[in-house]
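J.: Modelling step: build the complete structure from the supplied sequences, incorporating the hints.
Chains as they are written, first to last, in the numbering used here: chain A, 144 to 508; chain B, 49 to 707.
Calculated from the structure, these hints are not laboratory results. Accuracy of the hints is not assured; some may be wrong.
Unchecked claim - Beta-carbon label-pair distances, calculated as ranges:
#: 1; chain 1: B; residue 1: R246; chain 2: A; residue 2: P236; range: 46 to 52 Å
#: 2; chain 1: A; residue 1: L216; chain 2: B; residue 2: G76; range: 51 to 57 Å
#: 3; chain 1: A; residue 1: R300; chain 2: B; residue 2: V112; range: 39 to 45 Å
#: 4; chain 1: A; residue 1: Q281; chain 2: B; residue 2: Q91; range: 41 to 47 Å
#: 5; chain 1: A; residue 1: R300; chain 2: B; residue 2: F73; range: 30 to 36 Å
#: 6; chain 1: A; residue 1: A330; chain 2: B; residue 2: R102; range: 38 to 44 Å
#: 7; chain 1: B; residue 1: D244; chain 2: A; residue 2: L388; range: 36 to 42 Å
#: 8; chain 1: A; residue 1: I200; chain 2: B; residue 2: S163; range: 57 to 63 Å
Claimed, not checked - Every beta carbon over 10 Å from chain A, so not counted as near; a handful from chain B, in silico:
#: 9; residue: I67
#: 10; residue: G86
#: 11; residue: I94
#: 12; residue: R195
#: 13; residue: F289
#: 14; residue: P403
#: 15; residue: R415
#: 16; residue: Q444
#: 17; residue: R488
#: 18; residue: E491
#: 19; residue: R565
To be verified - Here are a few chain B residues that face chain A, going by a calculated C-beta distance under 10 Å:
#: 20; residue: R70
#: 21; residue: F73
#: 22; residue: M78
#: 23; residue: R88
#: 24; residue: L89
#: 25; residue: F90
#: 26; residue: F100
Backbone N, C-alpha and C define an ideal beta-carbon position, used for all residues, glycine too.
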Amino acid sequence: MRGIDRRLLQNFDWALLGLITVLVIMGLVNLNSATHAVSGLAEEVRRQIFAVGLGTIAFFVIVVIDYRHYERLALPVFGACLLLLAATLVFAPVTRGSQAWLFDGRLQPSEFAKVGLILALSRYFHRNPPGEIRSLAQLARPALIIALPVGLIVLQRDMGVALLTLLIGSTYFAFVRISWKTWAGIAMAAVMALISLWMFVLEPYQQRRILDVIDPGRDPLASGYQAIQSRIAVGSGGLLGSGYLDGTQTQLRFLPTQHTDFAFSVLAEEWGFIGAVVTLSVYLFLLLWGLVIARHSKDSFGAMLAVGIVGVLFWPAALNVAMVLGLAPVIGVPLPLFSYGGSALVTSLAALGFLMNVSMRRYVF
Amino acid sequence: MALDEIRGGRLGAGLDPAIESRIPFVAGFMVVVFGIFGLRLFQLQIIEGEQFGRLSLKNSVRSVQLEAPRGDIVDREGRTLATTRPAFGIQVIPTDLRERERTVKALGILLDADSAALDEKIGTPRGRSRFQPVKLARDVSYDELARVESHRYALPGVVTDIQPRRHYVEGEFASHLIGYIGEIQGKQLEQDEFEDYRSGEVIGQTGIEKLLEQDLRGRKGGRNLVVDVAGRIVDVLDEEFPVPGGTIMLTIDRDLQKVAEDAFLPEVLGEPGKLGAVVALDVRNGDVLALVSKPSFDPNDFSGGIDTATWNQLSNDEWRPIQNRAVSGQYPPGSIYKAIVAAAALQHGIDPDEPVYCPGKFKLGRRTFHCWKREGHGSVDLRDAIKNSCDVYFYQIGLKLGVDRLAEMAKAFFFGRRTGIAIGQERAGLVPTREWKKRRFRESWMKGETLNVAIGQGFNLTTPLQVAVAYAAIANGGKIFRPRLIRQTIDRDGVVIPGPPVELLGTVPVDARHLARIVDALESVVGEEGGTARRARVPGIRVAGKTGTVQVVRLKHVENLKDDEIPIRFRDHAWFVGFAPVEAPEIVVAALVEHGGGGARVAAPITQKVLARYFAGRVEAAPAVEVLESEAGSGSGPAGEEAMSEVVDTASGGDRARN
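T.: Structure below.
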């Protein structure tokens with residue numbers, strides 16, 4: 144690594160770092176408003192700043208080590224993640240219906256599992272080029288790799304994260320060469336699976352949340368409440384917003400979980416259409432930049448890793464914003480880099496560390 | 049380094065073309081998804097933004113009404129009769145109740161209430177209603193409030209509040225006149241008159257409270273509060289203070305009213321003496337000085353919303369305490385009517401000095417009509433006939449004039465007509481005529497009925513107010529004034545607005561000399577030895593008046609019974625109406641006691657007390673009234689001083705009398 148330093152610095156992806164920094168700062172500023180009503184610089188903001196520090200360290204540690212080493216580490220890391228998930232099932236207490244937190248709610252292993260999963264999948268698709276995969280049978284092994292963590296998370300009854308993990312894993316399937324007929328079959332199977340999921344797995348409250356997307360006015364004070372209040376918050380922002388720290392929906396706490404799941408509602412209320420569009424644009428730009436990095440990667444592992452990282456950011460962001468805007472059910476998916484949550488922030492920054500890693504080393508060879 | 053180790057793809061060996069070719073699709077997908085978000089934001093924030101803005105405002109701004117204190121009602125001297133006082137309420141906010149069991153128990157002790165009942169009142173509210181205060185006690189005493197306040201810190205979740213509450217200073221006093229308040233009813237809300245009222249608001253439901261609702265009401269204030277999701281007040285946006293209602297000055301004199309009310313107390317009148325009415329008027333302008341109806345009720349019971357038990361008790365009571373007997377109770381006038389018959393006689397040229405012989409009975413065809421004095425009055429002229437209340441004299445007058453002439457005169461005195469007093473569902477009473485009977489019963493008038501009418505029995509029905517108005521006309525030279533209740537109003541801004549002006553409804557067609565003759569005779573009733581109403585005398589004051597006793601059932605049902613053996617509902621109604629001073633009359637007082645017995649014995653003393661109070665300042669220390677009473681008290685028969693003819697059909701009169 145001695146000889147790498149100079150060229151690494153030359154190729155350092157300042158644009159990526161800039162985009163990340165902008166989003167993290169916006170997230171902190173927004174969190175300050177979301178927790179403002181309590182008093183001053185709330186405990187949450189302090190903890191989030193601490194997580195930013197921790198995430199930054201993780202980011203740079205991951206950047207320094209050439210990503211090609213991670214190819215070998217992929218399976219042990221993945222195994223460790225699965226073990227951690229299993230341990231959660233054994234040791235974690237049940238909080239709010241799910242069993243997803245270790246160490247007094249300070250650690251959420253399912254967050255790390257996403258990164259473990261994309262390492263494992265990147266390794267698999269590096270060794271088995273997706274271009275050569277033409278039949279469903281060939282997908283059995285990657286499907287198993289995805290099913291392991293997803294299954295464990297389902298057992299924790301954390302449906303939102305399970306769905307997310309599934310979607311992130313599925314990102315890779317965009318690259319395999321399977322005919323549209325096969326996909327249609329899969330889609331059929333998926334619909335069947337969803338119906339049986341609705342009938343046999345989902346709790347009544349989860350069913351209600353889905354119905355509430357279709358018609359939030361159904362029961363305005365019960366399960367549709369969050370959806371309605373979020374739409375009111377977003378809508379009342381108008382073009383320019385109500386102003387920082389001046390959103391009545393936010394400051395008077397009409398928004399539920401406004402610092403975590405509904406952080407984007409706060410932003411949309413206080414900064415209006417312009418603020419929301421600018422934020423989403425920064426987000427989209429970051430994601431597209433990630434794809435550019437994948438495109439310019441020097442090998443399939445790097446490309447697959449970059450695509451996986453983009454998936455890790457894209458899916459929760461899409462689900463969260465869709466939920467906030469009333470386009471998807473209220474599932475507890477936070478907005479990466481933005482919502483309050485230490486584990487999630489550290490994981491996101493670590494994941495972006497991999498992206499930076501790939502980006503910096505595209506000219507190495 | 050092992051980095052170039054190959055298995056499948058080689059690290060650093062370039063990109064799988066499949067990956068390269070699919071990346072644009074993935075990018076395209078993301079752009080589309082974010083594009084949809086952008087459109088959705090445009091829809092919510094730009095197109096529907098205004099609407100959501102309103103919803104957001106509705107979320108956080110709560111308008112609270114500030115009740116305006118209702119205006120005072122005062123008597124003619126400015127003495128307060130009805131006012132508004134602060135009422136302290138105790139509430140709890142369920143979500144703030146820590147150690148609920150202990151707190152509720154403590155409250156039960158402090159408020160001297162059943163803590164289990166309190167606990168039930170709180171219930172187990174869920175959702176946002178956990179933050180809404182629950183009223184446990186509406187009107188606690190100052191002591192109870194102080195007890196709760198001093199333990200405030202040991203009772204988290206318990207809060208106190210102050211609400212204006214209607215207070216009737218004298219309690220059960222002029223209740224029918226002043227009226228009571230109550231929550232506005234569904235029916236009322238639909239009327240235009242109440243368009244600016246909201247459900248739950250309190251309005252005057254009867255009496256002056258109802259009549260002058262708009263003046264008494266005041267102007268509500270309001271407050272726009274910013275509240276958080278829990279309904280907790282965060283900020284006050286703006287505030288408008290309530291303006292208290294105007295003050296109503298009545299024509300009523302508190303002291304006279306009080307004397308008249310107290311005259312009905314059981315210890316004064318004897319059980320069951322609480323039914324009846326008193327009307328006192330200023331004969332010079334129609335001002336109502338006292339208006340009593342008994343039994344009555346305490347309007348304070350209505351102030352905090354009357355409870356069902358009390359209301360049922362009031363409305364189901366067989367003696368109908370809610371009814372204002374003074375203006376809507378209809379009774380045969382009895383001998384009181386004789387002054388009107390006398391006026392008709394004089395006006396139609398009958399010589400008052402021509403004597404009539406009263407043998408104690410009067411034969412008409414095959415029927416015999418008795419005088420109340422069975423042994424007869426001997427030879428009597430008009431003056432004697434009024435003084436002694438001789439029935440035979442008036443039978444003959446009645447026959448001479450005929451029922452329609454009597455009716456004509458009675459109507460001129462406003463019998464059978466509403467005087468237009470503004471409260472209490474006034475009723476017109478009834479003055480029978482030939483035509484009326486034909487219309488009503490499809491029967492011709494019988495001569496015998498004229499005899500009954502001539503002594504105020506039979507079909508005749510009058511209200512105590514009518515009696516007072518008619519005698520006021522006798523006293524004041526023939527003028528009928530509309531009874532006036534409101535002297536003046538002092539509005540919210542302190543401007544004095546005079547009440548309705550004195551209104552002359554008419555003048556009775558009786559010459560002054562005739563009226564003077566009647567007044568002279570009426571004075572003899574009270575003032576002369578042998579008059580029927582010696583008990584109405586007020587030392588130092590010349591009082592004129594007339595008694596009346598109205599049989600409720602046929603005499604034969606009760607004639608063999610002693611006074612106190614007659615069932616209450618079969619006892620006679622007692623009347624007395626008097627005015628004073630005779631030389632320049634100022635006040636007329638009509639008193640009716642339902643089932644009270646003889647007019648002289650029961651009703652005259654009530655009038656006497658009111659008159660005595662009215663003239664209290666003008667007469668030197670009043671000589672003992674007791675002596676006067678014992679002097680005239682003995683010797684009354686079961687039906688008082690003027691029992692009636694047996695054949696008079698008073699059974700129907702009795703029924704009507706209770707209407």
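J.: Indicate, hint by hint, whether the structure satisfies it.
T.: Going down the list of hints, with the structure as the test:
Against the hinted window of 46 to 52 Å, the Cβ-Cβ separation of B/R246 and A/P236 comes to about 51 Å, which satisfies the hint. In this structure, A/L216 and B/G76 break the distance hint of 51 to 57 Å, their C-beta atoms being roughly 33 Å apart. Between A/R300 and B/V112 the Cβ separation comes to about 44 Å, which falls inside the hinted range of 39 to 45 Å. The hint said 41 to 47 Å for the Cβ distance between A/Q281 and B/Q91, and at roughly 43 Å that hint holds.
In this structure the hint that A/R300 and B/F73 lie 30 to 36 Å apart at CB holds, the actual value being about 34 Å. Between A/A330 and B/R102, the C-beta spacing of about 42 Å keeps the proposed range 38 to 44 Å intact. Between B/D244 and A/L388 the CB atoms are about 39 Å apart, so this pair conforms to the stated range of 36 to 42 Å. With their beta carbons about 59 Å apart, A/I200 and B/S163 fall inside the hinted range of 57 to 63 Å.
With a closest Cβ-Cβ approach of about 5 Å to chain A, B/I67 is found to fall inside the 10 Å limit, against its non-interface label. The Cβ of B/G86 does not lie farther than 10 Å from every Cβ of chain A; its closest approach is about 6 Å, which violates its non-interface assignment. The claim that B/I94 lies off the interface is violated: its Cβ sits roughly 6 Å from the closest Cβ of chain A, which falls inside the 10 Å cut-off. Listed as a non-interface residue, B/R195 keeps its Cβ farther than 10 Å from every Cβ of chain A; the least gap is roughly 35 Å.
Every CB of chain A lies more than 10 Å from the CB of B/F289, the least distance being 26 Å, so the non-interface label holds. The Cβ of B/P403 sits about 92 Å from the closest Cβ of chain A, beyond the 10 Å cut-off, so the non-interface label holds. No beta-carbon of chain A is positioned within 10 Å of the beta-carbon of B/R415; the least distance is around 82 Å. For B/Q444, the condition that its CB be more than 10 Å from all CB atoms of chain A holds, with the nearest at approximately 85 Å.
Its beta-carbon lying about 64 Å from the closest one in chain A, B/R488 satisfies the requirement of being farther than 10 Å from that chain. With 10 Å as the threshold on Cβ separation, the claim that B/E491 sits away from chain A holds: the shortest Cβ distance comes to roughly 71 Å. With a closest Cβ-Cβ approach of about 83 Å to chain A, B/R565 is found to remain outside the 10 Å limit, as its non-interface label requires. Residue-level restraint check for B/R70 holds (minimum Cβ-Cβ distance to chain A is 5 Å; threshold 10 Å).
At a threshold of 10 Å, the smallest CB-CB gap from B/F73 to chain A is about 7 Å, leaving the interface hint in force. Evaluation of the B/M78 hint against chain A yields a held restraint, the C-beta minimum of about 5 Å falling below 10 Å. For B/R88, the interface hint holds, the least distance from its beta-carbon to any beta-carbon of chain A being 5 Å, beneath 10 Å. The interface hint given for B/L89 holds, since its Cβ lies 5 Å from the closest Cβ of chain A, which is under the 10 Å cut-off.
Taking 10 Å as the C-beta cut-off, the interface hint given for B/F90 holds, the closest approach to chain A being about 7 Å. Satisfaction of the interface hint for B/F100 is found here, the shortest Cβ-Cβ separation to chain A being roughly 3 Å, below the 10 Å cut-off.
In this structure, the hints that do not hold are numbers 2, 9, 10, 11, in rising order.
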